[in-house]
Structure formats: C-alpha cells, structure tokens
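Residue numbers (the working numbering), protein chains in the order written: chain D, 307 to 735; chain P, 267 to 442; chain E, 2 to 171.
It should be emphasised that the hints constitute simulated quantities derived from the structure, not laboratory data.
Worth double-checking, as some hints may not be accurate.
Unchecked claim - Away from chain D, derived, C-beta distances all over 12 Å, residues of chain E: (1) Ala12; (2) Leu22; (3) Arg88; (4) Arg90; (5) Tyr93; (6) Ala105; (7) Glu146; (8) Gly158.
Unchecked claim - Subject to a maximum C-alpha distance of 30 Å in a straight line, what follows is the list of computed DSS-like cross-link-like pairs (lysine-lysine): (9) P/Lys417 <-> P/Lys427; (10) P/Lys417 <-> P/Lys342; (11) P/Lys417 <-> P/Lys372; (12) P/Lys342 <-> P/Lys427; (13) P/Lys372 <-> P/Lys427; (14) D/Lys635 <-> P/Lys299; (15) E/Lys82 <-> D/Lys456; (16) D/Lys456 <-> D/Lys387; (17) D/Lys387 <-> E/Lys82; (18) P/Lys272 <-> P/Lys292; (19) D/Lys372 <-> D/Lys635; (20) D/Lys419 <-> D/Lys598; (21) D/Lys387 <-> D/Lys376; (22) D/Lys387 <-> D/Lys372; (23) D/Lys617 <-> D/Lys635; (24) D/Lys715 <-> P/Lys284; (25) P/Lys299 <-> D/Lys617; (26) P/Lys292 <-> D/Lys715; (27) D/Lys419 <-> E/Lys131; (28) P/Lys272 <-> P/Lys284; (29) P/Lys427 <-> P/Lys437.
C-beta atoms are modelled at their ideal positions from N, C-alpha and C, and glycine is treated no differently.
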Amino acid sequence: MTNLDIIMVIVRVSISAFVPLCFLAVCVTMERRVAGFIQDRSGPNRAGICGIRAGGLVQNLADGLKLAFKEDIISEHVEHKFLYVLAPIISMAAAIISFALVPFADTLVLDGKSYVMQGIPWDTGILWFLAITGFSVYGIILAGWSSTNKYSLLGALRSASQVISYEIPMGLAVISLLIVYGSINLSDIARFQGQTWLGFIPMWGILLQPLAAVIFIVAAFAECNRTPFDLAEGESELVAGFHLEYSAMKFAVFFMGEYVAMFASSAVIVTLFFGGYNIPFFDTDFLIRNIKPVAFVLLVILPVFMFYFAKWIRRNNRSQYLRENDPRKAEATIYIRCFWILIAIIEVFLLAILAFAQPDTAAAHLLVALMQICTFLIKVTLMLFVYVWVRWTIPRFRYDQLQMLGWQKLLPLALLNIFVTGAIVVALG
Amino acid sequence: MAAKVKQLPSRGGTPAEKVYLIEIFKGMAITLKHFLRNLWDNSNLYVRHYPEVQPDIPARWRGRHRLLTHPDGTPKCVACFMCQTNCPADCIMIKAGTRIDGVTEKMPVSFTIDLAECIYCGYCVEACPEDAIRMDTGIYAFTSSNREEMKIGMTEMLSLKGGFPEEEYQKGLEGE
Amino acid sequence: MYIDTLFSIFALIAIAGSLGLVLFRHPMQSALCLAVTMISLAGIYALLSAKLIFLLQLIVYAGAVMAMIVFIIMFLNLREKDLPEERERFTYLIGGAVLLIPVAWFMIKVMKSIPGVKNSIVGNGFGSIKELGQVLFTNWLVPFEIISLLLLVTLVGAVVLAGIRRESND
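Bound-form chain D, shown alone (with noise of 0.2 Å):
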C-alpha cells in the first residue's frame, strides 16, 4: 500500500462515518426551522454564541450540551441492564454503517489507480443497505422490551411489526430496479444514471421506475419510523413509544440514529433514484475532459450566487421589531463576510485550475469528485427536506391503515411491477 492508497482508505472512510453524524445538525435544524416555516413561525433562533447564532444551529449545540450533561437515570425496574445499555447502541451503529456502500462520487482515477468512492468498497451494494436495516429491529425490539414499561413495550411491539412488514414492499421494489440496472452495486447503479435517453433526459431511477420509487419512498418512511408512519412513538397514544425509558445520552443516541438512518434512507434514494452524484446532464468524463470550461462555469456562477444569498442573508437576518443598532444586521455582516471569504478561497483554486490544470489529470479528477460529493450532498439534503415537509404535512396514519397499506396495497404493485419490469425488460431484449 502507498501512502496514496492509505490518505484515501483514511479519506473515504471518514466521509462515509462522519459526514451522516455531521448532517444530524442539517437535519434537526431542518426539522426545526422548516416544521417552524410551513407552520407560520420562527423555530428556533435565540440560542447564540456572543450573539452568532448561525441559524439555529447553536440551538442543536445547546441541546446536544443539555443532553450531554442530564443525570442518565437507569430505572429500577429494569431487570436485563446490558440489553438495556446495547439497544441504542444497535439502532445508531446499524444507521451509521447502512450508508458505508452508498457512493459519493463517481470512482476516482490518481496516478493511474482507481478508487471507489464508498465507505468499504465493495460490490453488494443495495443487499447491505437491507440487511443493516434489518438489524435496526433489534435496537427497537430490546429498548422496548427490556424498559419494562408497558408503552415501550407496545411502542416496540407496533415498530417492530412495521419495520418488518415493510422491508418486504421494499425489498421488492428494489428487485425491479436491479432487473432495470442490472447490477446490485450502488456504483454501477449510479454510473447507469449518468447516461442520457434521446440526449436531454437523464436516466434516473425514477423516470424508469416511477412505480417502484414510490413504493421504495413509502417503505423507506416507515423504516425510518418516520410520521406518516411513526406509531411507534405516537404520543397521543404511547407517550414516546421505545425510548420512553431512557433519558439524557442514550435518548440522544437515539434520537441520533433516527437522524442517520435517515440521512442513510435518503442517500440509498437518492442513489437509487435520483441519480446518485452525477450532476444532471454532465456526465464524469465529459466533465474531466472539459475541465476547462467547467471551472470557469464555477468561477462565474459561484460569485453571482453568493451575491443573491447574501442579499438574502440581510434581507432576513434583522430584527423583526424597532432595535436600535440592530445587533442581527452586525450578525448579518459576519455571515455575509464569512461566505465571501469561503468563495474566495475556492475561486482561487478555480483560478489555479483554469491557469495550470490539463484535462484528465488529478487536479481535474479531484475537482470533479469534489464536485460530485456536494452534488450528492445537495440532493441528499433534498431528500431529507423531503422527509421533514411530508412530516409536517400529513397526520398519521392508524395503525391498521398502516399494515394495509404494506400489505394489501405496496406488496401487490411491487410484484406487478416486478411482472411488468421484466416483460419489458425481456422484451426489449
């Protein structure tokens, strides 16, 4: 092994362990500020750091300390204290290694070796993402069961049953996608993506599979318990559901691993259907063999941008009422002046890019991987905006409309589907 070969092993791994942890902060302030937006309010946006209060960010930094530091009370009751302890350990670390084979970028080419853009590279793709999930069940399965508490218990019993009820209409609808694809490896799947049909529309999962999208969609929300299928923690009912028994930090590893499992949903979805990283219509080697142009696309497109997001920024970082010296538009200032600085450093990258980069060269590979991997994040990030609007959206479901729906309605049309994909498929020959 080269140094190379190690700086990339350390590279790929760290993305794919900590870019999920690091996107719990998007996704709880996400949750927050947009569940506070369709709903007419403000959402968090008080808590700061000598006034910075980077969008509600520092709220997540307030309740992370808060949780961090609670008495972490173990019942009495509670009889199987180990399983007690390892249940939020199973649901977190079955969430963080689900994402370890979803691709985020498309294989990087340096000094003649390739690497696969995943977590642990290898082949197996779309069958790991199920069997992780699968183990997710344990996590719900022992929290409620060895809490001694009879919500936990029904919390876990209604969890549980849903989970495995609805890895079936999943697992179907993925079978029809592999017929399409060909192949279980997230790569491949993401690389078929890439191409175009009749030279303008992508060929993303979901406009060859619209059928097995929504089905996939449906069962990955109930997966991640997620309303409109969370039952298990319906607190009209069963107060919290599992978790009602823990407190301080293994509630937070809970609350966590609901977060990364779904940020590991949304990039299997987004992997599987809405093209992965490929950024729509430029395909990896039309862009290292333009490198050129691209870089100036960026060069320009990233400052007029940021013009836009800083008028932005000013027109809703003030205060709402009559303040004098208005302490948010100092705070406005600083967002603003941090972002100009960001930009440019990167624009003069672009710059050396455009000033001494040849095509196909490693400066063009990583750029155009760099490209990839926020174009996988931007679309990810999509996705779980996704996930937040339909929770604010709909109202739960009951619980037999629920198993209905898995049972009677997707499991059905994933098999048709699986049908009709593979007439046509064998068809088309």
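Fit chains P and E to the supplied structure of chain D, relying on the hints for placement.
This is chains P and E only, laid out in the frame that chain D set:
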C-alpha cells in the same frame, strides 16, 4: 342560542382521493407554499418576538394581585377572610389583628399569597366586599428559583400599582 | 495469516454464541446469542468469499428469522418469575455432552480424512450474485423450483390455518 350545525360533505370517496397520493401532493403543495414564502422573507411570520415585544394586556387580564389602600395610605383590607374562604387553591393566608389607625375594627397583620399555588381565577377579587384586592397589575410573568420566593407578602402587594387607568378597569368589570 | 486470525475470531464468537444459547436461562438472552452466532457465521461465509451467502445469512437469518424470534419473545413478555424452574439443568447438560462425545469423535475423524487443500481466494466471480444465479437457474433449476413450491405451500398453509382460527373465534 341553538347550536349551529354545519353539515360538511364527507370526503375521500372518489377514486382520485382513494389513490391518496394525489391528495398528499396537494397538501404538500400548500405547506411548501407557506415554507417558501417564509423562507423568502421571514417578516410575515405570525410570531410575537416576545421578550422584546410585549403583548397588549387588556384591563380585564388577571395578573398578579395587589392590595389597595385608602387615599391616606392605610390598607383597605379589613381581614374579613372572604377571599381566603373563597380561594379554591387555598393559596391565601391571612392573619388578622386589631386595627391601629381607627378606620375599622380589624386589619390584616400579614397577608400572604403563594403564587406557586394560585390559579389566577379571580375569586378573591370578586369576593372582596371592600374592593381591597385586585388583580390588575398587568404583571403576568413571575418566576423564581425556589418555592419560598413565590410567596408574596402584604408590603409587597401594597406597594404594587395598578397597571391600568381606573375607568378602563371599571369598564372591564362591567363586561363580566 | 490475516484471514486465519479473522476466521478464529469469528469461529470463537460463533461457539461462544451457541454456548450462550444453551446456557442462558432467559429466552431473550438465548435468542440474542443465537443472533450473534448467525452474524459470526455470516462473517465466516464472507471469508470464504461467498458474498451472496454472506448477505443472505445477514438478511434472512440474522435479520428476518432472528428478529422474528426475538419479536415473539418480546410479544410473550416473559419475566423472571414466568420461567420454569430447572433444577437438574446442569445434570442434563453434562449428560447430553457425554452422549455427544462419539458424534464429536466421528466428526473429528471425518475432518481429518478430508485432504488438505490450501484455502486461497477462489477465482473471479466465485460466489457473486451473477455466477450463483446462473448456476442456480441452469444446473439446479428443478430443485430450486421445488423448494420455492415448498415455501409457497407453507406460506399458503400458514395463511389458511390463521384464517380458520379467526373464523372460529368470531
């Protein structure tokens, strides 16, 4: 007044509604509209920026209690125990004593209200025959780090001023 | 070397898990031990570069079957007081172990009679989904279909049985 009954047509029967997804997308369009409007410009939020912008308190608002005084500064209270008897939360504790200023026979030696127990129902105000206690200070936020500080005594209540002009307060009483 | 170490670790965990399955008193703990065994067996399959079997072991056995068992144990909500008293548990255990000695001896014999083959990674595509699928759907098509029929029969049977019981209850 007879209850108004409005018959709403039952929804969910048509095939388009049975598919459910279409209706979900309609609902999501509404929430997205709200979200985008507020993201674009957050000055239209239906929010009071509370500690900086205080709400308008009407004169009928039942806030913290105060004890009223005669023009010469002596308390109006005659320690008749009406309010204490009437209090559903048992939060008023009065100790009666002989009046020293000669206006009436009795006056309270101590008059304590435990605000942690008070439910702000206003029965004490209604029960008072001397108009000696009112809840018109307009103070609605009262916090403390321990229970003892939640008990307020006679001197404190006597020193509080009404938050509203007299005629506005009287108008509020008429409305009741 | 590296693979040998991993193999020993997985094997030890698998044996520990199965021991736990027998020795633990509470069914939930036993079931979880079985799950641990299943997962470490999956690890051993992965070492044999049988990717599909590894994933199926994880999805079907460690994921679905064990989750179902654990789910049912949770459903029964057994507490310490509900468990039967097993006074002569260890006598039975030791008796069983003694009875198994001839079988174990026989197994060791069989193992030793297998000619030593160097366990290196087998050629390209071995155990991958495509190769396995091709073999399964050409050479072993009839057994595969028969097994799937068997599963279908059990599935239908389960549904029918559940239906009958519900009708009689109503």
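A quick look at each hint next to the structure:
1. With 12 Å as the threshold on Cβ separation, the claim that E/Ala12 sits away from chain D holds: the shortest Cβ distance comes to roughly 21 Å.
2. Chain D leaves E/Leu22 outside its interface by the beta-carbon criterion, the shortest separation being 15 Å against a cut-off of 12 Å.
3. Here E/Arg88 stays apart from chain D, with its beta-carbon at least about 22 Å from theirs, past the 12 Å limit.
4. With a cut of 12 Å on Cβ distances, E/Arg90 stays outside the contact zone with chain D, its closest approach being about 20 Å.
5. Every CB of chain D lies more than 12 Å from the CB of E/Tyr93, the least distance being 25 Å, so the non-interface label holds.
6. Distance check on E/Ala105: its Cβ is at least 31 Å (rounded) from any Cβ of chain D, clearing the 12 Å threshold; non-interface status holds.
7. Under the 12 Å C-beta cut-off, the non-interface status given to E/Glu146 relative to chain D holds; the minimum distance is some 17 Å.
8. Every CB of chain D is more than 12 Å from the CB of E/Gly158 (nearest about 18 Å), matching its label as outside the interface.
9. A distance of roughly 18 Å separates the Cα atoms of P/Lys417 and P/Lys427; the hinted pair therefore holds under the 30 Å criterion.
10. Between the alpha carbons of P/Lys417 and P/Lys342 the distance comes to roughly 21 Å, so the proposed pair stays at or under 30 Å and holds.
11. Annotation: proposed proximity of P/Lys417 to P/Lys372 holds, straight-line Cα distance about 23 Å (limit 30 Å).
12. For the hint pairing P/Lys342 with P/Lys427, the CA-to-CA distance comes to about 14 Å; that is within 30 Å, so the pair holds.
13. Distance check on the hinted pair: P/Lys372 and P/Lys427 sit about 24 Å apart at the alpha-carbon level, within 30 Å; holds.
14. Proposed proximity of D/Lys635 and P/Lys299 is supported: the alpha carbons are some 27 Å apart, at most 30 Å.
15. Taking the CA atoms of E/Lys82 and D/Lys456, the gap is about 17 Å. The hint holds against a cut of 30 Å.
16. A hinted pair counts as satisfied when its Cα atoms are at most 30 Å apart, and D/Lys456 with D/Lys387 qualifies at roughly 17 Å.
17. Restraint check for D/Lys387 and E/Lys82: the C-alpha separation of about 17 Å stays at or below 30 Å, so the hint holds.
18. Simply put, P/Lys272 and P/Lys292 have alpha-carbon atoms about 25 Å apart, close enough for the 30 Å limit, and the pair holds.
19. The straight-line distance between the Cα atoms of D/Lys372 and D/Lys635 is roughly 29 Å, inside the 30 Å bound, and the hint therefore holds.
20. Between D/Lys419 and D/Lys598 the alpha-carbon distance is near 23 Å, which keeps this suggested pair within the 30 Å criterion.
21. Using a Cα cut-off of 30 Å, the hinted pair D/Lys387 and D/Lys376 holds, with the two alpha carbons roughly 19 Å apart.
22. Distance check on the hinted pair: D/Lys387 and D/Lys372 sit about 24 Å apart at the alpha-carbon level, within 30 Å; holds.
23. This hinted pair checks out: D/Lys617 and D/Lys635 have alpha carbons roughly 12 Å apart, not beyond 30 Å.
24. Proximity of D/Lys715 to P/Lys284 is assessed by CA-CA distance (about 12 Å); at most 30 Å being required, the pair is judged to hold.
25. About 21 Å separates the Cα atoms of P/Lys299 and D/Lys617, which keeps this hinted pair within 30 Å; it holds.
26. Taken as a hint, the P/Lys292 and D/Lys715 pair is honoured in the structure, with Cα atoms around 21 Å apart against an allowance of 30 Å.
27. Between D/Lys419 and E/Lys131 the CA atoms are separated by roughly 26 Å; this keeps the pair inside 30 Å, and the hint holds.
28. Of the pairs offered as hints, the one joining P/Lys272 and P/Lys284 holds, with about 25 Å between alpha carbons and a cut-off of 30 Å not exceeded.
29. The straight-line distance between the Cα atoms of P/Lys427 and P/Lys437 is roughly 18 Å, inside the 30 Å bound, and the hint therefore holds.
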